[in-house]
Every structure is written in C-alpha cells, then in structure tokens.
Amino acid sequence: RKEVEQDPGPFNVPEGATVAFNCTYSNSASQSFFWYRQDCRKEPKLLMSVYSSGNEDGRFTAQLNRASQYISLLIRDSKLSDSATYLCAVRRSNDYKLSFGAGTTVTVRA
Amino acid sequence: GAVVSQHPSRVICKSGTSVKIECRSLDFQATTMFWYRQFPKKSLMLMATSNEGSKATYEQGVEKDKFLINHASLTLSTLTVTSAHPEDSSFYICSASGNTGELFFGEGSRLTVL
Chain U
1 RKEVEQDPGP
11 FNVPEGATVA
21 FNCTYSNSAS
31 QSFFWYRQDC
41 RKEPKLLMSV
51 YSSGNEDGRF
61 TAQLNRASQY
71 ISLLIRDSKL
81 SDSATYLCAV
91 RRSNDYKLSF
101 GAGTTVTVRA
Chain A
1 GAVVSQHPSR
11 VICKSGTSVK
21 IECRSLDFQA
31 TTMFWYRQFP
41 KKSLMLMATS
51 NEGSKATYEQ
61 GVEKDKFLIN
71 HASLTLSTLT
81 VTSAHPEDSS
91 FYICSASGNT
101 GELFFGEGSR
111 LTVL
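Each protein sequence line maps, in turn, to chains U and A. Heads up, the first sequence is in the numbering used here, so the first residue is 1 and it goes up one at a time. Heads up, the second sequence is in the numbering used here, so the first residue is 1 and it goes up one at a time.
Careful, some of the hints might be misleading.
Unchecked claim - Listed below are the simulated EDC-like cross-link pairs for lysine to aspartate or glutamate, each with C-alpha atoms no more than 20 Å apart in a straight line:
#, chain 1, residue 1, chain 2, residue 2
1, U, LYS97, A, GLU87
2, A, LYS20, A, GLU102
3, A, LYS41, U, ASP39
4, A, LYS14, A, GLU107
5, A, LYS14, U, ASP7
6, A, LYS55, U, ASP39
7, A, LYS42, A, ASP27
8, A, LYS55, A, GLU22
9, U, LYS42, A, GLU63
10, A, LYS41, U, ASP7
11, U, LYS42, A, GLU102
12, A, LYS66, A, ASP88
13, A, LYS41, A, ASP65
14, U, LYS45, A, GLU107
15, U, LYS97, A, GLU52
16, A, LYS42, A, GLU102
17, U, LYS42, A, GLU59
18, A, LYS42, U, GLU56
19, A, LYS20, U, ASP7
20, U, LYS42, A, GLU52
21, A, LYS41, U, GLU56
22, A, LYS41, U, GLU3
23, A, LYS41, A, GLU102
24, U, LYS45, A, GLU87
25, U, LYS42, A, ASP88
26, A, LYS20, A, ASP65
27, U, LYS2, A, GLU59
28, U, LYS45, A, GLU102
29, A, LYS42, U, GLU15
30, U, LYS2, U, GLU15
Calculated directly from the structure, the hints in this document are not laboratory data.
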C-alpha cells in the first residue's frame, strides 16, 4: 500500500463551483500534513499546512481526520486560476522528509 | 523571488553521458536538502537526503553510484546522473529546509536522455 494516496481525478468543475477531495495516508505516526499546488511542468508550491483543528485560507479549507487517516481540501468559488494538480504531503517525523501523493488534478472551466 | 534555485532547468543529453544538476539556497543556509524525481502524472519520489559535510542518505531502490550527490557547502547541493540512459529521463526537483523547518522547492530540472 502506498504511503500517501490520492484520487487522481480529474475534477472538472465550472467557475464558482465548490470542489473537494481527499488524501489518505497509511502511517498513523504521521505528524505533519500539507497541501501543495503544482502547475504543469513546474515545481510544487506550498498551498497550506493542515492543522488538527482544520484551517481555512481564503477560499481553501483543509481538514485532518486522524481517526480515518485522511486529509481533505475544499475549494470554494472556484476560479480558472485554480486549475492545477494538488499534491498532499505527509511528514512522519521531524526530519523534514515529505512523502507525496500522486496528485489530484482540478480543471475549472469558464 | 525564489529562495531555492535549481540549474539547469532543462537539459537534453545523449545516452551514456553524465549530467550535473545544481541546487542552491539563496537566502538561507540549508543543512539538509532533498532530491526528488517525478515521472509524468506520478508523485514526487524522494531519492535521497543530502546533508552538508556528510554522505547522502539514499532511499531504498535508488542507486547511489548512479545518482551522485554532493553537499559541499551550506548553500549548494549537486546531483549528478552518471551514464544517463533514456529511462533516467524525468523531472528532478530539489528542496531545502531552513531553520524554521519549512521546505522550499527549486524550480526543477527536466532531463531528457536521447
């Protein structure tokens, strides 16, 4: 079983729609969780960290469910510029190594 | 601006040649850098952890003699793909952690081996 798994999508949504997707992780000892955004042929860029109580950054909301070992990302009022691949990343300890999922592709259409 | 710079961004080489990729931290000293490889539509796979002044730690399945890593200073790590073959064609990305623990990624290097 992969350490981090994501639904690859693609999620094709109209502008203004809400889209949400999950990422599951297999190691219960995982300590830190992140969502990255990756545009085609570019490096990943940190979108947001995911905190235990859930957190929001503008139109983006991240949740952590430790019992079921998944994190989620919700995008409200989707914009065309939100089209990208969203990678979840999990860190097991404080050695800064991240394990990534394969990404969920989101396409927002006009 | 970028805090981690990677060079070259794109390289095309013939099979059998060696290619060196540089990763520099621009605004901070990076005691640890990470090298990832990403195939199309796949996740970033950690290849190795580069530690300044010591040997790199390779992930299982990554050939250390094939992928040479040198981290000679606190701002520079290099990855050399030796005797490159077409199956080594990939997107190689480095990342560096500063004192705060946040990871910064380089822009990536796309290697195409003919």
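Against the structure, the hints:
1. Pair hint LYS97 of chain U plus GLU87 of chain A does not hold up; C-alpha atoms about 25 Å apart against a cutoff of 20 Å.
2. Pair hint LYS20 of chain A plus GLU102 of chain A does not hold up; C-alpha atoms about 26 Å apart against a cutoff of 20 Å.
3. Between LYS41 of chain A and ASP39 of chain U the CA atoms are separated by roughly 12 Å; this keeps the pair inside 20 Å, and the hint holds.
4. Taking the CA atoms of LYS14 of chain A and GLU107 of chain A, the gap is near 23 Å; set against the 20 Å cutoff, the hint is violated.
5. Annotation: proposed proximity of LYS14 of chain A to ASP7 of chain U is violated, straight-line Cα distance about 36 Å (limit 20 Å).
6. About 33 Å separates the Cα atoms of LYS55 of chain A and ASP39 of chain U, which puts this hinted pair outside 20 Å; it is violated.
7. Simply put, LYS42 of chain A and ASP27 of chain A have alpha-carbon atoms about 30 Å apart, too far for the 20 Å limit, and the pair is violated.
8. Restraint check for LYS55 of chain A and GLU22 of chain A: satisfied, since their Cα atoms lie roughly 17 Å apart, inside the 20 Å limit.
9. Distance restraint check for LYS42 of chain U and GLU63 of chain A: the Cα-Cα separation of roughly 25 Å exceeds the 20 Å cut-off, and the hinted pair is therefore not satisfied.
10. A hinted pair counts as satisfied when its Cα atoms are at most 20 Å apart, and LYS41 of chain A with ASP7 of chain U qualifies at roughly 12 Å.
11. Annotation: proposed proximity of LYS42 of chain U to GLU102 of chain A holds, straight-line Cα distance about 19 Å (limit 20 Å).
12. The hinted pair formed by LYS66 of chain A and ASP88 of chain A meets the criterion: a straight-line CA distance of about 10 Å does not exceed 20 Å.
13. In summary, the hint linking LYS41 of chain A to ASP65 of chain A is not supported, as the alpha carbons are separated by about 27 Å, beyond the 20 Å threshold.
14. A C-alpha spacing of about 10 Å is found between LYS45 of chain U and GLU107 of chain A, which places the hinted pair at or below 20 Å, so the restraint holds.
15. Taking the CA atoms of LYS97 of chain U and GLU52 of chain A, the gap is about 16 Å. The hint holds against a cut of 20 Å.
16. For a cut-off of 20 Å, the pair hint linking LYS42 of chain A to GLU102 of chain A is broken: about 23 Å separates their Cα positions.
17. Of the supplied pair hints, the one linking LYS42 of chain U and GLU59 of chain A is violated, its CA atoms being roughly 23 Å apart against a limit of 20 Å.
18. Taking the CA atoms of LYS42 of chain A and GLU56 of chain U, the gap is about 27 Å. The hint is violated against a cut of 20 Å.
19. For the proposed pair LYS20 of chain A and ASP7 of chain U, the alpha carbon gap of about 34 Å is over 20 Å, so the pair is violated.
20. A threshold of 20 Å between alpha carbons decides the hint, and for LYS42 of chain U with GLU52 of chain A the separation of about 26 Å lies outside it, so the pair is violated.
21. A hinted pair counts as satisfied when its Cα atoms are at most 20 Å apart, and LYS41 of chain A with GLU56 of chain U does not qualify at roughly 28 Å.
22. Restraint check for LYS41 of chain A and GLU3 of chain U: satisfied, since their Cα atoms lie roughly 17 Å apart, inside the 20 Å limit.
23. As the CA atoms of LYS41 of chain A and GLU102 of chain A are separated by approximately 25 Å, the hinted pair breaks the 20 Å bound.
24. With a C-alpha separation of about 26 Å, the suggested pairing of LYS45 of chain U with GLU87 of chain A is violated against the 20 Å cut-off.
25. Pair hint LYS42 of chain U plus ASP88 of chain A holds up; C-alpha atoms about 18 Å apart against a cutoff of 20 Å.
26. Between LYS20 of chain A and ASP65 of chain A the alpha-carbon distance is near 14 Å, which keeps this suggested pair within the 20 Å criterion.
27. Restraint check for LYS2 of chain U and GLU59 of chain A: satisfied, since their Cα atoms lie roughly 15 Å apart, inside the 20 Å limit.
28. Distance hint between LYS45 of chain U and GLU102 of chain A is fulfilled; the C-alpha atoms sit about 12 Å from each other, no more than 20 Å.
29. As the CA atoms of LYS42 of chain A and GLU15 of chain U are separated by approximately 27 Å, the hinted pair breaks the 20 Å bound.
30. Annotation: proposed proximity of LYS2 of chain U to GLU15 of chain U is violated, straight-line Cα distance about 33 Å (limit 20 Å).
In terms of the numbered hints stated before, the structure departs from hints 1, 2, 4, 5, 6, 7, 9, 13, 16, 17, 18, 19, 20, 21, 23, 24, 29 and 30, listed from lowest to highest.
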